[in-house]
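Whole structure, please, built from the sequences with the hints as guidance.
Protein sequence lines, in the order shown, are assigned to chains A and B. Sequential numbering of the first sequence, starting at 59, is according to the numbering used here. Sequential numbering of the second sequence, starting at 4, is according to the numbering used here.
Hints were generated in silico from the structure; no laboratory data involved. Glycine included, C-beta positions come from ideal geometry on N, C-alpha and C. Hints are supplied without guarantee of correctness; some may be wrong.
Okay, the calculated bits of chain B under chain A, using three or more residues with CB under 8 Å as the criterion [what the hints assert, rightly or not]:
(1) 311-325
(2) 353-363
(3) 367-380
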Amino acid sequence: PAARCGSAPTPAPGGGGAVELVAAKVPVLADHPLVQGPRFRKLKIGAGDRLDVKASGVFVLGIGHGNKLLTDLYNCHLTKVYTVGGLFGKATDDFSDTGNLVEKTTFDHITREKLERILAVIQGTNQKALLMYSNIDMKTQEAYELAVRGLIRPMGKSPPIITAVRCLQFALPEFQLEIHCLHETQQYLRKTVHEIGLELKSSAVCTQVRRVRDGVFTVDDALPRTQWNLQSIQEAIQNCQLKVETELERTL
Amino acid sequence: KAARRKDRVFVWGFSYSGALGIPSFVRPDAGWKKPRRIQATPYRLETEEKISSAACGYGFTLLASNTRDITKVWGMGLNKDSQLGFQRSRRDQTKCYEYVLEPSPIPLPLEKPQQTRVLQVSCGRAHSLVLTDNEGVFTMGNNSYGQCGRKVVEDEIYSGSHLIHQLKEFDSRVVQVVCGQDHSLFRTKKGTVYACGWGADGQTGLGHYNITSVPTKLHGDIAGVNIIQVSSYGDCCLAVSDEGDVFGWGNSEYLQLASVTETTQVNVPRHLPFKIGKVKEAACGGTGNLVLTEEGNVFVWGYGILGKGPKLIETAVPEMIPPSLFGWSDFSPDIRVAHVRCGLSQYAALTNRGELFVWGKNLRGCLGTGRMEDQYFPWRVTVPGEVVDVACGVDHMVSMVRSF
Numbered sequence: 059p060a061a062r063c064g065s066a067p068t069p070a071p072g073g074g075g076a077v078e079l080v081a082a083k084v085p086v087l088a089d090h091p092l093v094q095g096p097r098f099r100k101l102k103i104g105a106g107d108r109l110d111v112k113a114s115g116v117f118v119l120g121i122g123h124g125n126k127l128l129t130d131l132y133n134c135h136l137t138k139v140y141t142v143g144g145l146f147g148k149a150t151d152d153f154s155d156t157g158n159l160v161e162k163t164t165f166d167h168i169t170r171e172k173l174e175r176i177l178a179v180i181q182g183t184n185q186k187a188l189l190m191y192s193n194i195d196m197k198t199q200e201a202y203e204l205a206v207r208g209l210i211r212p213m214g215k216s217p218p219i220i221t222a223v224r225c226l227q228f229a230l231p232e233f234q235l236e237i238h239c240l241h242e243t244q245q246y247l248r249k250t251v252h253e254i255g256l257e258l259k260s261s262a263v264c265t266q267v268r269r270v271r272d273g274v275f276t277v278d279d280a281l282p283r284t285q286w287n288l289q290s291i292q293e294a295i296q297n298c299q300l301k302v303e304t305e306l307e308r309t310l
Numbered sequence: 004k005a006a007r008r009k010d011r012v013f014v015w016g017f018s019y020s021g022a023l024g025i026p027s028f029v030r031p032d033a034g035w036k037k038p039r040r041i042q043a044t045p046y047r048l049e050t051e052e053k054i055s056s057a058a059c060g061y062g063f064t065l066l067a068s069n070t071r072d073i074t075k076v077w078g079m080g081l082n083k084d085s086q087l088g089f090q091r092s093r094r095d096q097t098k099c100y101e102y103v104l105e106p107s108p109i110p111l112p113l114e115k116p117q118q119t120r121v122l123q124v125s126c127g128r129a130h131s132l133v134l135t136d137n138e139g140v141f142t143m144g145n146n147s148y149g150q151c152g153r154k155v156v157e158d159e160i161y162s163g164s165h166l167i168h169q170l171k172e173f174d175s176r177v178v179q180v181v182c183g184q185d186h187s188l189f190r191t192k193k194g195t196v197y198a199c200g201w202g203a204d205g206q207t208g209l210g211h212y213n214i215t216s217v218p219t220k221l222h223g224d225i226a227g228v229n230i231i232q233v234s235s236y237g238d239c240c241l242a243v244s245d246e247g248d249v250f251g252w253g254n255s256e257y258l259q260l261a262s263v264t265e266t267t268q269v270n271v272p273r274h275l276p277f278k279i280g281k282v283k284e285a286a287c288g289g290t291g292n293l294v295l296t297e298e299g300n301v302f303v304w305g306y307g308i309l310g311k312g313p314k315l316i317e318t319a320v321p322e323m324i325p326p327s328l329f330g331w332s333d334f335s336p337d338i339r340v341a342h343v344r345c346g347l348s349q350y351a352a353l354t355n356r357g358e359l360f361v362w363g364k365n366l367r368g369c370l371g372t373g374r375m376e377d378q379y380f381p382w383r384v385t386v387p388g389e390v391v392d393v394a395c396g397v398d399h400m401v402s403m404v405r406s407f
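Here it is, written out as structure tokens:
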């Protein structure tokens, strides 16, 4: 708490009616919350990539000066990782399990192998889209080097691209996929689940979309609802600062 | 009920020779349709039977089925040297078609046509070989260098010829036939290799540079070695032994055999001492060679667009193509290359997931990528299905695909 040096009249030791000035520290009340009011009245908060109402997971927010970092991170075009859960046997109009039912199909012929085959095809077509939208001349040596390291990424606007898909769990009729993607929306992921169902000659709906990683921020850095207080927020910002800076330096 | 997976044939490349087998590309059946000179992406070819083996020659294609029916082999494309047999013209019963635009049956003079099965076909520049399970090898086409395994007849007219020669005298059953540009190689069950045909580059491997008109056994470094695979398409040949060693002979003008010798022609099989691991499969192109090791890595050497970017044009020592170009990553670490194939200046690799990767010179759209530019590193070809096998030619390719 702030204080100032001031002098206050105190009765002199010894007696008599003489008053002398003694230097003492007196608290200054100008900074007190009861005088000034709550410290943070308005906060400028910006959001990173949007999350659907039905989706969950990591959601990046920028506070005050951090909003400028948000635009920089957007221009880095980093991949996001989602855990997508699906259910075979149903098809709905909005591709999720809460929509209106359109058709029901059998699914006992589906095996993990068939699913993985379809995932390989999806990865293949998206690979081509990746290379096409990254605007690199295929004849150059740099294009070859980037292709070997897998670092070819579209650095501008592009339709949603899936860079990697993996099947985490498979227990008929449910399955869970880990999808790494760029420039996507959650509805696109649900549509992909529906298309996977169609390719396997059945149908599928999406039960869960959970963002596990958004660029450099993972679930471990994220704060759950119980920890939305100043202390945790400040700690989290400090922890991520280094990571964000290195990523920005690397790309820009 | 789940639909059964069907076996299909996809073709792409230059169509005016008829090698793609789709007549409407050359002679459109409707007035408003235009002839399609190049088919840049895979196009489905309807076939009557399930095709088990296909081979692309220089402007023609052979398709063979494993069936016991009378018609076992179909051919399409150039037929100026009767490499597709005698295709009787419908207009004039005595004349033969010079260009076959549709898969047409090739009549083979089999003794037991309803029991013999055709195992494999192979095509060279102007001749073709058909391997059966118990009636030996049938050869047809140009024989000016003895590549059909019969005596060279001076001034023989090959166009419109009915002659199909049968070869039976080998030390054991022939299990693989390979056609080079103007020579033929036969591999028998015992692991020996026979050759006949043109030898000016030493591609017959018989120790001389003359032509051979009778299949003769090869010696040199492969004498006594059990060879499990032979490959050739131009004038260079490679053989793989059961222990994973690679032997080569033939043309070496493009550094294909420069690791053992400085001469540009090698007429005796020589062991190529590469330290790349046990080799499973080899493929020879016109100017470059590919091998596949047991671990699933692809090594390339020679001259031309080798697949490691525009900077690598020639190398005498095999260089590995990074597996990440074939789809290997941390998320799919079990992707391996299963087969390698070579055309004249194109290369193809099949992964265990059934994906086809091509690279090389894109001559008249033969890579099937949909673009007309050359491809300097492996690129995925979008095929609606799991690719089981692919045959590469000079300006077209044929693939056998199982639908999903």
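Verification of the supplied hints:
no.	hint	in the structure
1	311-325	holds (count 5)
2	353-363	holds (count 3)
3	367-380	holds (count 5)
This entry satisfies every hint, going by the numbered hints stated previously.
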